[in-house]
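Q: Sequence:
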Amino acid sequence: MHIILDCYDVSRDLCLDDKRLLETVTNAARSNNATIINTSRYHFGHNSPPGCTVFVMLDESHISVHTYADQGKMAVDVFTCGNTDAQAIANQLKTLLGLNNCTEKSIGRF
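Oh and the sequence shown: position 96 is 96 in my numbering, straight run, nothing missing.
Keep in mind that the hints were calculated from the coordinates and are not lab data. Computed from a predicted structure; not experimentally measured. Backbone N, C-alpha and C fix where the C-beta goes; we use that ideal spot for every residue, glycine too. Treat the hints with care, since some could be wrong.
Unchecked claim - Simulated restraints, written as ranges between beta carbons of each label pair:
(1) 57 x 20: 32 to 38 angstroms
(2) 46 x 95: 16 to 22 angstroms
(3) 13 x 82: 20 to 26 angstroms
(4) 12 x 110: 36 to 42 angstroms
Unchecked claim - List of simulated lysine-lysine pairs, DSBU-like, C-alpha gap at most 30 angstroms:
(5) 105 x 94
(6) 73 x 94
(7) 105 x 19
(8) 105 x 73
(9) 19 x 73
(10) 19 x 94
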């Protein structure tokens, strides 16, 4: 399953906090029994619009977060296969990060 969240009205502070975002995504993955292979985070600035990207590579696929601090937007992808529940991870991320204004798409994959 592939869950796509497009979130709006996200605080600038959260959009710039790549450390918190990576910690939250990692914790959500672990608490839903996903197997983490690798993690990465990057804080944009200087020649790029402000924001960050976090990426968690899973044995079951991946979770990514891209933020746009100047627009208050966050794009979240939760893609899993097997028994790992992408919807549960997405719901947990929305709750933990206080994402109240999101559109959501679910795509069945493989």
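Q: Next step is simple, just say for each hint if it's right about the structure.
A: Hints and how they fare:
1. With their beta carbons about 19 angstroms apart, residue 57 and residue 20 fall outside the hinted range of 32 to 38 angstroms.
2. Range check, residue 46 to residue 95: Cβ separation about 33 angstroms, and the 16 to 22 angstroms hint is violated.
3. Roughly 35 angstroms separates the CB atoms of residue 13 and residue 82, a value that falls outside the hinted 20 to 26 angstroms.
4. Separation of residue 12 from residue 110 is about 37 angstroms and conforms to the stated range, judged on CB atoms against 36 to 42 angstroms.
5. Of the supplied pair hints, the one linking residue 105 and residue 94 holds, its CA atoms being roughly 14 angstroms apart against a limit of 30 angstroms.
6. Between the alpha carbons of residue 73 and residue 94 the distance comes to roughly 13 angstroms, so the proposed pair stays at or under 30 angstroms and holds.
7. Distance check on the hinted pair: residue 105 and residue 19 sit about 26 angstroms apart at the alpha-carbon level, within 30 angstroms; holds.
8. Of the pairs offered as hints, the one joining residue 105 and residue 73 holds, with about 16 angstroms between alpha carbons and a cut-off of 30 angstroms not exceeded.
9. With a C-alpha separation of about 17 angstroms, the suggested pairing of residue 19 with residue 73 holds against the 30 angstroms cut-off.
10. A distance of roughly 17 angstroms separates the Cα atoms of residue 19 and residue 94; the hinted pair therefore holds under the 30 angstroms criterion.
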